[in-house]
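Could you put the whole structure together from the sequences, leaning on the hints where they help?
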Amino acid sequence: MQAEGEFALVKENIERALGLSGQPVKRGSMAHDHDVYMMLADGAARARDLIALRAYTPRLEELAQRDGHKLYLAIAHRAWGVAHALADESAKAETRLNQARELFQGLETRWQIARTMYELGELEQARHNVAAARDWFAQALTLFEAMSARPDADRTRAALAALQ
Numbered sequence: 186m187q188a189e190g191e192f193a194l195v196k197e198n199i200e201r202a203l204g205l206s207g208q209p210v211k212r213g214s215m216a217h218d219h220d221v222y223m224m225l226a227d228g229a230a231r232a233r234d235l236i237a238l239r240a241y242t243p244r245l246e247e248l249a250q251r252d253g254h255k256l257y258l259a260i261a262h263r264a265w266g267v268a269h270a271l272a273d274e275s276a277k278a279e280t281r282l283n284q285a286r287e288l289f290q291g292l293e294t295r296w297q298i299a300r301t302m303y304e305l306g307e308l309e310q311a312r313h314n315v316a317a318a319r320d321w322f323a324q325a326l327t328l329f330e331a332m333s334a335r336p337d338a339d340r341t342r343a344a345l346a347a348l349q
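In our numbering, the protein residues as written are 186 to 349.
Don't take each hint at face value.
What the hints assert, rightly or not - Here are the computed distance ranges between Cβ atoms for each label pair:
{"no.": "1", "residue 1": "336", "residue 2": "243", "range": "37 to 45 angstroms"}
{"no.": "2", "residue 1": "316", "residue 2": "340", "range": "17 to 25 angstroms"}
{"no.": "3", "residue 1": "251", "residue 2": "346", "range": "14 to 22 angstroms"}
{"no.": "4", "residue 1": "320", "residue 2": "280", "range": "17 to 25 angstroms"}
{"no.": "5", "residue 1": "291", "residue 2": "243", "range": "21 to 29 angstroms"}
{"no.": "6", "residue 1": "251", "residue 2": "349", "range": "31 to 39 angstroms"}
{"no.": "7", "residue 1": "275", "residue 2": "253", "range": "25 to 33 angstroms"}
{"no.": "8", "residue 1": "346", "residue 2": "247", "range": "37 to 45 angstroms"}
{"no.": "9", "residue 1": "250", "residue 2": "274", "range": "20 to 28 angstroms"}
{"no.": "10", "residue 1": "330", "residue 2": "290", "range": "14 to 22 angstroms"}
{"no.": "11", "residue 1": "332", "residue 2": "247", "range": "25 to 33 angstroms"}
I should point out that these hints are in silico values taken from the structure, not numbers from a laboratory.
We put the beta carbon where it would ideally sit given N, CA and C, even for glycine.
Following this line, the structure appears as structure tokens:
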């Protein structure tokens, strides 16, 4: 899949930022490479862009491990999970998604946990395991609703309805 729509525009601007010098910064702070690769890998996962996932996720994972950044490492695991799911490598996808979920749970990042549960639901749906997909989507929906994350809750409700 190629990047399309909003992700293509965001990707283009973020990639341009990778080549810019970080100094001097006049207002606020500058995004570091791990921030940029996180945005690119996470955006690629949401856009289901396998080419971009394969390009950005290894670098995100490397930087997150180097810096001991658990949140970005969890995002890298989820991105790899999506990449493996897109490549029909369901066992690898499940392993990475569960690694992400466990890290997010340790960090108590409910929205990230819910997003990862949604991805696990997508994986189980692709495996034709409707009961497991329904369970993951229902858990994700509970968290999204508790946070009033309406777009994510709406998308999850639609995924649940599609299982009927």
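Comparing the hints with the structure gives:
1. 336 x 243: 37 to 45 angstroms: Hint violated: Cβ distance 29 angstroms, outside 37 to 45 angstroms.
2. 316 x 340: 17 to 25 angstroms: The hint (17 to 25 angstroms, Cβ to Cβ) holds, given that residue 316 and residue 340 are roughly 20 angstroms apart.
3. 251 x 346: 14 to 22 angstroms: violated, 42 angstroms
4. 320 x 280: 17 to 25 angstroms: holds, 18 angstroms
5. 291 x 243: 21 to 29 angstroms: holds, 23 angstroms
6. 251 x 349: 31 to 39 angstroms: violated, 45 angstroms
7. 275 x 253: 25 to 33 angstroms: holds, 30 angstroms
8. 346 x 247: 37 to 45 angstroms: holds, 39 angstroms
9. 250 x 274: 20 to 28 angstroms: holds, 21 angstroms
10. 330 x 290: 14 to 22 angstroms: holds, 18 angstroms
11. 332 x 247: 25 to 33 angstroms: Because 31 angstroms falls inside the window, the suggested range holds.
Against the hints set out earlier in the document, violations occur for numbers 1, 3 and 6.
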